[in-house]
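Trainee: Residue numbers (my numbering), protein chains in the order written: chain A, 27 to 356; chain B, 27 to 356; chain C, 27 to 356; chain D, 27 to 356.
Note that these hints are calculated values from the structure, not bench results.
Quick reminder that beta carbons are idealized off the backbone N, C-alpha and C, glycines included.
Any given hint could be a false lead.
Counterexamples of contact, computed for chain A against chain D with all Cβ distances above 10 Å [what the hints assert, rightly or not]: (1) ARG54; (2) ARG72; (3) HIS280; (4) ALA287; (5) ALA289; (6) LEU293; (7) PRO296; (8) ALA331.
With a cut-off of at most 20 Å between alpha-carbon atoms, the simulated EDC-like pairs for lysine to aspartate or glutamate come out as follows [claimed, not checked]: (9) LYS168/D with GLU345/B; (10) LYS119/D with GLU322/D; (11) LYS168/A with GLU227/C; (12) LYS168/B with GLU338/D; (13) LYS168/D with ASP225/D; (14) LYS119/B with ASP136/B; (15) LYS168/D with GLU212/B; (16) LYS168/B with GLU227/B; (17) LYS168/C with ASP103/A; (18) LYS168/A with ASP90/C; (19) LYS168/C with ASP136/A; (20) LYS119/B with ASP99/B; (21) LYS168/B with GLU345/D.
4 protein chains.
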Amino acid sequence: MTLRIAILGAGRIGQVHARAVASEPRARLAAIAEPAPEAARAIAERYGCAIRSIDEIAAADDIDAVIICTPTDTHADLIERFARAGKAVFCEKPVDLDVARARRCIATVDEVGGTLMLGFQRRFDPDFMALKQTIDAGTIGKVEMITLTSRDPGPPPHDYIRRSGGIFRDMTIHDFDVARWLLGEEVTRVQASASVLTDPEIAALGDYDSANVILTTASGTQCTITNTRRATYGYDQRIEVHGSLGAVSARNQHRAEIEVATAGGYLRPPLLDFFMTRYTAAYAGEIAAFVAAVSEGRRPPTTGADGLRALELAEAALEAARTGNAVTPG
Amino acid sequence: MTLRIAILGAGRIGQVHARAVASEPRARLAAIAEPAPEAARAIAERYGCAIRSIDEIAAADDIDAVIICTPTDTHADLIERFARAGKAVFCEKPVDLDVARARRCIATVDEVGGTLMLGFQRRFDPDFMALKQTIDAGTIGKVEMITLTSRDPGPPPHDYIRRSGGIFRDMTIHDFDVARWLLGEEVTRVQASASVLTDPEIAALGDYDSANVILTTASGTQCTITNTRRATYGYDQRIEVHGSLGAVSARNQHRAEIEVATAGGYLRPPLLDFFMTRYTAAYAGEIAAFVAAVSEGRRPPTTGADGLRALELAEAALEAARTGNAVTPG
Amino acid sequence: MTLRIAILGAGRIGQVHARAVASEPRARLAAIAEPAPEAARAIAERYGCAIRSIDEIAAADDIDAVIICTPTDTHADLIERFARAGKAVFCEKPVDLDVARARRCIATVDEVGGTLMLGFQRRFDPDFMALKQTIDAGTIGKVEMITLTSRDPGPPPHDYIRRSGGIFRDMTIHDFDVARWLLGEEVTRVQASASVLTDPEIAALGDYDSANVILTTASGTQCTITNTRRATYGYDQRIEVHGSLGAVSARNQHRAEIEVATAGGYLRPPLLDFFMTRYTAAYAGEIAAFVAAVSEGRRPPTTGADGLRALELAEAALEAARTGNAVTPG
Amino acid sequence: MTLRIAILGAGRIGQVHARAVASEPRARLAAIAEPAPEAARAIAERYGCAIRSIDEIAAADDIDAVIICTPTDTHADLIERFARAGKAVFCEKPVDLDVARARRCIATVDEVGGTLMLGFQRRFDPDFMALKQTIDAGTIGKVEMITLTSRDPGPPPHDYIRRSGGIFRDMTIHDFDVARWLLGEEVTRVQASASVLTDPEIAALGDYDSANVILTTASGTQCTITNTRRATYGYDQRIEVHGSLGAVSARNQHRAEIEVATAGGYLRPPLLDFFMTRYTAAYAGEIAAFVAAVSEGRRPPTTGADGLRALELAEAALEAARTGNAVTPG
């Protein structure tokens, strides 16, 4: 049976997900909801799907699942609404920037027995998946120390920062999720240091642009996260996991895998510098995983609870950065 | 105006090209011709195209171009037929294993003013394109020495070898085309050494499995090609170009870009070991280039003449390997 | 004028320094002091130097400088004694495990106008020096975030741990010095997390074997240090410095720079697994720097104050790890 | 018993060997013969050895071995003379540029039962030795295809070229020796292509600056050698060996093992650009091997016959390059 999917929002990420749905043999893009008529029409024509309002989709009998690609402040309401309407829901992270609101939303989904997958796409990056499989295969033994390096090519506009919830909730949140995924154990202590190094205006907005976080679990396993908003050399996304028997790391992706040798040295191109290009396969992978889970009646690999827990770590990191003291999350 | 394309042959490569056509905004997969009903139906359903016979497609008014994915021994006839029918033609290499037949076919296409693109996909690999751009930008100066390393993961079945035309016409042909593309000058001398090292049966079939070729141009620029049919570590596809000001190289693609460090050392996964996986982007790229060229009324980037010249180099290499002497191609 | 040097202690590091002195054109190994007669004789014969007692060397007119390679608990006394005797002193780190004692020793050296170089050999590693030069040349702009990865191949014997002063004073101390060298600014805040993951006995000894430290400066520049006592893959010694215009990193040294490709993947040998092999050039470099500084009447590049400051950071890290709270060092 | 060694010639390579002898526990630099008084004195003072004439050394009872570092055209005479004088002889390659003269010299050494080691230092490079050990351990199975890349940073002066015997005898000779070492089987067929690409004056001198050679053995194993006199990026020295079970390669040595990432990309320093710096360890290693072989009464690892065979391959390559035809060496 083919899964009939509606996408809410035809922006950048909505378009990416539309393409992913179209290439899924077990799914069909049935409808697009989008206030901008032109954007809606572009999707509808390209994939042969209907244009409908959110209300229509919520009421429709012929829609099995929705992918929410609307602004963050609409997420929690839409998740609750579509979970109640009996649709399987895929929503881009975060559920909500406010932990309490997110918690209520997750609780609602649970109460109505809904299915919610949160879009932490990094778990579906092919290299990161290969890294995780190496850990799961026992090749490096027990995980002891994780190092996540995550640097954006450049800071977002001030207006974005203002509404972002701050670096920990907006940027580090992905690393918190990756950390939880790889640690295999919940974090019990968060320490952090954060600064403003790239643009004083960011300080004026009450945010940071550079941060280091140490996560520690009950068993003493540790994970450090290094974040900056500005890496001139591209979108720096690396994972290193050190264990009792060895270590495994995933390397960065360059714009091309060539090297030019001249009198000046050996030069490789900079890194891919856009998250959607860097994580193309990961975005397709998360939709494939959503379709597979819903089709087979399985629990999605990343749930609302994962989104909540990552948010709690973000809150803890913020407090830790402000006070200098270790904070117990959650 | 959308280019209406028919694909002849729904085998492995036909399926790859169908997907590529489907993702081209300026093209539409209009028809599939395939004797096996199930395979035809699979393509038709997935991409919403018609199932037609080759005769119907040749006669159709609503088909602008064909992509020939049928067995090698049908290529020359089909190219001539569809060129005469006024369709733009994309054909997988080679035109024909016999130089004389290939020459006649190309001549026919020229006589009728047809458009023929030969599928030398490597020219459309993103890394190789970046390498070529580096050369064209003058970064490494005048090209002096090229080293092409091209190793298959394992020898094909004996039956394939029997019909393949031999290693130079079947395998090295791609390297000959890459060499011509990068040299920017015609080859005037071919030297070669070839052996059977992996399987004595290959010798019994009159073929080789291991070969080195030196191509030299009038200006003294040289290119070496190293081929083997068996590389346990995967599909080894590298290019190195040395010039007066520097050098540029393209690296191999591994199954995942991770590295595992243990007491035994630092281990990266083997290379991708299937040409269609290794050249996924290249196959999509060549179809995109075909669609672009035909849509814009431009000459395709790889023509029948390129296919012919590569075949002449293969013939010369075979003679050079047999005699040990330098051979002038063509 | 040739610098006449005496080495105190003919153990492992004493032998390394003897070789370094012998290859310095501006220096001569004049004497060795060593209680074990055989070890003393080996040095004396190989380099043609005299065997003398520490007392004799302190009283000698024909000795310009001493290199102290005796056990840690003798360092402070010997430094003071030879500084008072008017000899230039090179001493392996640390001055003393106790900050107060180290402080008194440094003060004494200053009072008598002595010359003291502390052996932080990593500053003299050729790759780390090239990295530092890149920073100093302004290539990466203002330093913002430093990542030091420093992993021992295996934990030392329990008896060593017992006398070591703990992981921060014994192992991280080198990273503290490297951090100070690269930050170009004093550290004002230390955060740390430490665990015992490799051997419960280490906990029983009151020590840790795995630690992450965040150092922050007044300007908000940050440095993370990742330490473990056990890396099965060798002696992992990496530096990454991220700045406003770019980043620079130094790679690890493998046992051989070869790569073996098989069906199992691409394998490079493990890392060098002994600090003296890994830092061979660095040990020679620090002696060369000592000889150069003393010969030219310049202040040595690493002084007692550097040793003291690194020790203060170690104390701060220990307190930070115990409490979870940020600590102001010094 | 300590081996008493005399060095003939205090030029660049003589100085390198003097240092190597000095660091050998089983050897002692006893004498230097050098017509330039200052150069002789420098060696004598630094290593505490005597200055003697060649005649004196040949007649001396207290000299066990000589290291010949004089101009090429004196090699054959000196080898014969010192072999007759009963000294073990180490001589830098080549024995002579003329095959017939070299053959007579080797024959003389054999007649008098002399010991001669030819200085093919690359066999003693630590990475190349690790590569060879990998082959010998059977890890890559039977050797099938070897690729030697050997590029000089820049052409030597015209005057040097004039006396060099040409690129094959002067530069490729090292690769011929490495090829023989790794092939484990004699070469039965030589093919070559050579051009002048960097400097027309080199053509006027009757030489080439760019060459590719294919060596083939009786069993069909092949080796390609790629040479150029000018690589702007440094001294490019790589080996790749492909076998039935895998492959092994040795990487280049950069001026520092750092990488700088900026908006322009990821830059590593150029390669070491001087053969003595690149092969520092190899030069020390060949002297160590000579001392070990003579001390233990073993046959040296590289003999006059090796030098002769490499020269025969050079002659064959020259003829092959001139005619375009395969040549049987020897």
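Trainee: Which of the numbered hints above does this structure break?
Mentor: Structure breaks hints 3, 4, 5, 6, 7, 9, 10, 12, 13, 15, 16, 17, 18, 19 and 21.
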